[in-house]
Amino acid sequence: MILLLALLILVPAAAAMLRRNLVHSALLLVLSWAGLAAFYLWSGAEFVAFAQVLVYVGAVSMVVLFAVLLTRQNPDRAAPPDAAARLRAGAAVLTAAAVGAVIGHAILATPLPAAAGAPPVLTVRQLGLELMGRHAGSLLVIGALLTVALLGAVVLAAAEPGEKPGGKP
Amino acid sequence: MSPLHLCLLLSTGLFCIGLAGALSRSNAILVLLGIELMLNAANLNFIAFWRYGPAPSAGAGVVFVIFTIAVAAAEAAVGLALVIALHRHRRNLRLPEATRLKG
Amino acid sequence: MLGSGIIKGLAVTAKNLAGSFHDPARYVTQEFPEVQPQLPENSRNFPFLVADDGADPMGTLRCVACQICEKECPPQCIYIEKSKDKKPDAAGKLQLYPAVFAIDTSVCMSCQICVEVCPFDAIKMDQVFAIATTDRFNGLLLNREQLAKSNQYYHSIHPTEATEVDARLAAERKAAEEKARAAAAAKAAAPKPAAPPPPQPPA
Amino acid sequence: MPPAPIFATLDPDRAFLERAPLLVRDFVTGLFPPSLQWLAGNLLAVVVIVLFFASLFALLTLAERKILGRIQNRPGPNRTGPAGLLQPLADAVKTLVKEDIVPRAADQVLHFLAPVVLVSLALMAFAVLPYGRHLVPVELDAAVLYFFAAGAATELAVFMAGWASRNKYSLLAAMRALAQLISYELPLLLSVVPVVMLAGTLSTTGIVAAQAGWTYGVIPHWHVLTPWGAAGFLLFFVSALAESNRSPFDLPEAESELIAGHLTEYSGFKYALFFMAEYFGMTALCGMGVTLFLGGWQAPCAFLEFIPSYAWFFAKLLLLLGVFMWIRGTLPRLRIDQLTRFAWKFLVPLALINLGTAAFWQLSAGWSGPALQLARWLVALALVAGPFTLLGRRLSAGVAPRTYRYAA
Amino acid sequence: MLASGSAAAPFSSASVRPVHDEFHGDLLEVSMGPHHPSTHGVFRMMVTLDGETIVRLKPVFGYLHRNHEKLGENTTYLGSMPYTDRLDYLCSMTNNWAYALAVEKLAGLVPPERAEYIRIILAELTRLINHSGLIGFLMQDTGCSGTPLMYAFREREKVLDLFEALSGSRMMCNYQRFGGCRVDLTPAWVDSARRLVDAFPRFLDEFEALLTGNEIFMARTQGVGRLSPELAVNAGLTGPVLRATGVGHDLRKVDAYGLYPRFDFRVPIGAHGDTYDRYMIRVLEMRESVQILQQALRDLPAGPIMDPKAKLRGLRPKAGEAYGRIEGAKGEIGFFLISDGSPNPYRYRIRPPSFINLTVLEDLCLGHTVADAVIILGSIDIVLGEVDR
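Chains as they are written, first to last, in the numbering used here: chain H, 1 to 169; chain U, 1 to 103; chain E, 1 to 203; chain G, 1 to 408; chain L, 1 to 389.
Only chain H is shown next, with the shape it has when bound in the complex (with noise of 0.2 Å):
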């Protein structure tokens, strides 16, 4: 089951990385995030994969849909890419593996846990008196960070005063 979920998840991902058509690469993400949230499912954390849908599902990829069209550039006239980018790209996924073989043997080479038995029951219920209870004072946090990065995307992505659509900037 899990590999099943791993291929789900890794697969788009890695195509996602691939692609040079940033709305394919985003609705690849869009299925890998599904994987995601499949696997959340599948461990008993119901209410993580719902909102794992509904916001990355729901919301990110749409942002980030929005943010291809808004930005969109005709792929034909994007430059191919040239040696320096290439060479980027070997270091990059170079790094990428030695961190993973780093941390691949780090966990292989820790004794863990065998596995337990049924999937943990977590009611919503209860996740809530958690969330309000000990964890009371990060909840405020956060709403103040939402609250502070909603009002910073808004005035970063606003058009400047005088700035009219179609004309010259």
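Be aware that one or more of the hints could be misleading.
With a straight-line cut-off of 25 Å between C-alpha atoms, the simulated SDA-like cross-links for lysine to any residue are [stated by the list, open to error]:
(1) G/Lys345 <-> H/Ile103
(2) E/Lys71 <-> L/Ser342
(3) G/Lys66 <-> G/Val323
(4) G/Lys98 <-> G/Pro34
(5) G/Lys66 <-> L/Ser342
(6) L/Lys309 <-> E/Val117
(7) E/Lys82 <-> E/Gly59
Just so you know, these hints were derived from the structure itself, not from any lab.
Bear in mind the structure is a predicted one, so any value in this text is a computation, not a measurement.
We have chain H already, so just place chains U, E, G and L on it with the hints.
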């Protein structure tokens, strides 16, 4: 190899894909997406440890994931707003050319 | 308050939704093949040729092939060939008749000008509108035989107009007969053939 | 506590009609070996949902055309079968035998995937609606969240369709669809939050249970009959119109502007799938609206409880769908900038304020006595009406009927 | 708030950047039409978009060109009459009248009083069906799924029934003749016309309840497609489009042709020149038309309907020229004729109101969105039969 090992390896794989993407691509949006993937890998770890960890009934892992998702959403919003602002100023999204802070 | 205009609009459509079930002024649809439209008397579609006798349409066409309609027809959809011989018309006078009379209904625009200019009341407007055909060249090119309809048919679609036309024709015939009788009675030295009836203003 | 109902009824829980669907289910699953019974039960639920809502879709297309026709003083489809009842069948045959045209420049995979994804996502939302007292296909703890998660991805499919067609109209439609989803997802969710807050649960059955009971046996305890509930219901309804791309928010499909928007390059069965998904989405959102605000399967009066609960659910559902059609027959379409402005400057603030109203309602639940009750209602109504008037005035500033002069 | 949308000052098309621009990103070129649901026929707009904002718009027409003016020079004076039906096929009665007026001026014919009354009745009925139909089409463009259009057509059918009973045809009436009219009105016709006219204000009230106060409709149309009176006059616009800008120019008052001076009616004028004004002016004009119709049907005199000097065939006016114009539903519809004494006109020229009103389309649309362009086009009221001729 326990399921937890598998989960962690899966998360490592996801993290590396995100890392490679973020480092290799020059398009700002793709870099952002790579970072999102890395965040997701972290989330996966939280859930895996919560699931197979010693005290699953304590919801700390899940709570953390919820927080991370919120942070990731905020990050995506701000990041993409930056992308749009970048596009507005420079009309392209190639990060290597976006070296000056002042437009 | 925001929304009042929308609510008013919704009320109007609701009224029409209900009204379409009971109010004939709102629900005006006639379902065509089942309900045939009641055409007004003046309604016109494509021209036809009036024949006085329905039993022998080709022999009793009023048309004398004068070709005025052919000349006046704006899209020029009428084609007439005069006959070589002459036949007596309703008044007993010898007249030419159309050897060929064809109307291309794919060109005709139903303007009724041919009817208005015809001095013999020989061409009138039909009310048949279901003339679809699978052959758009020959099927829409109507010849003399297809165009000829009896005077009774003319009465059945344009009763008022047909009655007027009949009265006028009868009067003309009477006048012609009287004239002929007078001419015969006078027995002038040089008998002349009777002149054709003068052009009449259209109905 | 509400007084006991005036009309004593037999226990609705045990009524035969009420239990009939369960008996059928038990009979069918009984045909399978015990180890497979849970699978058979779930499969049966899926099959029944798909079949039922597919036929409801067929019925709805006909009903919509009939109702629109009557609103416009036309008979609507009436040639196929008695009173046009076979029209959906004819439509189905037509779309099935039609040539499926895919533009050469289109993104073949996405062009194919878009309708499939759309329909399957739209169908998924039906899983958590409580159709009756005993009829909940999937009992989920976080059912409301699941519902909106399933619904959130539908606009993604619309985007896929628009983008993959490689048609400029489709592309514009895709942009519009994205903008619309981003704008209306928020008020839709925010209008649901008060319900979740007051019911104290994300489970749909729990929310329906929270609306049980009657005052004097005739006034149901539905959320829509409270000030915050009424406001929330209206907000939900408007956002649902926008979420399901229905008039006056049918911008992605705007026929007079973008030909058919994202559907321009679709034909045949794929087009039918889009159509189906639109109706599925609409039905699911209406079903959610019924569940959240209109008391779900609860009967409006105690003495009407003898009618099975699922009949009540579908009666309410059809009523809401009828209002959708009525609105479609009446209102012109908004423009995209007005659409987003309406969402962000009107619906979202109102939904946030409504959250406060609901909180007040919850906090003042203990107020007793007629004077305090009256005060409670007045304050809540003021909290609803005041912002509505103020925001409405701001929103419609500069837009007013005019008076005209006559030339001398 | 809603109205302030994109009512930016129009850009002049000269400053628009090229479509493919490496630095500023791409514009989108969309060819709206000739097969587009809302171009009112075979009309095409080459639109250049930035997002959804129009930065350039080029109207393309002529798809329905049928050599109308040359046909008119090659057929008799009478033979052109049925062709005028097909110019603006919603308003054949007024087209007939304008052409008849031109020929009457040329040939020195004077229609009798009853004929003038009949002409006014038919012209005002035409105005009713044109305006209500136009509003229906406009609402269709706004996205109303056809409801107002169907209501307008429901009433239009009743008027067309009258036209058919009188002239024999619903749309291609071919009714006016030089020096009068073809068929006389019967008392039954007058009765049913009176019933229709008396019922019309009720329909208008309902129509207005559906549309005039609708917030969405107001938001969509107010401030959209604003036209200045100067531009309107300079571009030679006429009809409701001109009057919506505040210029009270109505040929019924200015030329006082026919017997219009006898009638009591007002000319509504707008103040903003936007799409909403163009809509409202038409509604108010319909109300005035009802006034005229009620007076005309009340005062309809008895008498002949043809000038006794008139003859149907063989009209050969003296050499000379004449221009006959009337206030059609869409604006000034005029026919200019030069006679050289032959049975056919030497020159036959039409002044089509739709065509001339269409010339300002780009100025109206720049800076607005695609959705606005569609309703602006709808509010100008064009009929391609007349534009392309």
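Legend entry - Hint consistency between E/Lys71 and L/Ser342 [alpha-carbon to alpha-carbon, up to 25 Å]: Given pair E/Lys71, L/Ser342 holds - Cα atoms ~15 Å apart, limit 25 Å.
Legend entry - Restraint check for L/Lys309 with E/Val117, where alpha carbons must lie at most 25 Å apart: Distance ~17 Å between L/Lys309 and E/Val117 Cα, so the pair holds.
Legend entry - Distance restraint between G/Lys66 and G/Val323, which requires alpha-carbon spacing of 25 Å or less: holds, 14 Å
Legend entry - Agreement of G/Lys345 and H/Ile103 with the hint, judged by alpha carbon distance not exceeding 25 Å: violated, 48 Å
Inset, instruction - Verify the proposed pairing of G/Lys66 with L/Ser342, using a straight-line Cα cut of 25 Å. - result: violated, 59 Å
Legend entry - Proposed proximity, E/Gly59 with E/Lys82 (alpha carbon, max 25 Å): holds, 15 Å
Legend entry - 25 Å limit on alpha-carbon distance, applied to hinted pair G/Lys98 and G/Pro34: Violated, at roughly 45 Å.
In the structure shown, a violation is registered for the earlier hints numbered 1, 4 and 5, in ascending order.
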